[in-house]
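Asks: Sequence:
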Amino acid sequence: MWKRNIAKLNQAMGFQRSSTNKQKLQPVISIIATKASSLSQPKDPNYNSWLVEHPCALDSFDQMMKAAKGKKIVVFLDYDGTLSPIVDNPDLAFMSDEMRAAVREVAKYFPTAIISGRSRDKVKEFVQLSNVYYAGSHGMDIMAPPRPVIKSCDGKYNTITLDKKRNEVLFQPAKEFLPAIQKILTTLKEKVMKIQGASVEDNKFCISVHFRQVGEEDCGILEEKVKSVLEHYPEFHFTWGKKVMEIRPSIEWDKGHAVEYFLDTLGLSNSNDVLPVYIGDDRTDEDAFMVIKRRGEGYPIIVSSSPKDTKASFSLHDPSEVLAFLLRLARWRKSSSSSRSFAQIWGVTD
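Once you know that position 170 of the sequence shown is 170 in my numbering, the rest is easy, because the numbers rise by one and skip nothing.
Derived by calculation from the structure, the hints in this document are not laboratory data. Fair warning: this is a prediction, and the values are worked out from it, not measured in the lab. Misleading hints may appear alongside valid ones.
[Unchecked claim] Calculated lysine-lysine pairs in the BS3-like style (CA-CA distance at most 27 Å, straight line):
id	residue 1	residue 2
1	LYS311	LYS293
2	LYS108	LYS69
3	LYS72	LYS124
4	LYS189	LYS124
[Stated by the list, open to error] Here are the computed distance ranges between Cβ atoms for each label pair:
id	residue 1	residue 2	range
5	GLU125	GLU223	21 to 31 Å
6	GLU223	GLN63	42 to 52 Å
7	GLY296	VAL52	19 to 29 Å
8	PRO145	LYS71	11 to 21 Å
9	GLU176	GLY267	23 to 33 Å
10	SER60	GLU176	35 to 45 Å
11	GLU217	LYS69	52 to 62 Å
12	GLU125	LYS175	17 to 27 Å
C-beta atoms are modelled at their ideal positions from N, C-alpha and C, and glycine is treated no differently.
All chains, full assembly: derive it from the sequences and hints.
Replies: In structure tokens:
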């Protein structure tokens, strides 16, 4: 049974055994073992029914890539719960070396951006890759490629500056809220520190209050304390994530707008041969899924081990399947483009 599962996963990922590629398979031995184990486990009938509407992106890979032939793929990735597992301590949400290698490989062939609720500096510290673009604070802190942004005269994307090396564009639509955010942060820490297990994370343009380790009897008290702070700051609003409460500026900006911004910056917003792929696991990713659905081209992919309402068209069970998908995507492009890199394919400098 175990050997059959190994063979099944190898086929799903596009691998075939031979004496010449044995060494290449070593980085994914752990993921193969994990998937072999999960393949032998019966799945929840409700989850199987949900998969009919949101088919597995690995099972649908050949069909997806057939439709992608001749198009320019752009890859967008969430971080927590997508590239790394959800953990009790958010400071320990490290991605594996195998996942880092897979993202690095994908970014060789496609423009790749990581859009996270974390601060941009924090997610960059976790990922440790220089060939991807980063957007933190749910897209309110973007470091984008140095391409001209073509927009109408409404000035929607005019808050941009070049970084010190003048090789990337920094876009921060909520910059004016920074002083207030720091005041909220100070007050929240004073109130939240009294509740065991709760922690406050400074994500620069938004604030996260984690309660994964808070006792059930204290969760309501924590919510009241957080909302009481917001009563003095009407220009901010309260939202929920996975075991996290978040405070954000009340501006019309989210991960969907960040996707649009990256496409604009790359000069691809009005191209009909562009196919965005977005992989994420949380409700904040739904804004990006909706943007892709409106375009009528692209693949919104939800990462979930249980049925949930989503605008995504496809699904992956967990980060291990995200890893398998990214490896296969890079392998597909490598074989179909004669090993040309992203720079060669897109005509830009690495």
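Asks: Which of the stated hints cannot be reconciled with the structure, identified by number in ascending sequence?
Replies: none
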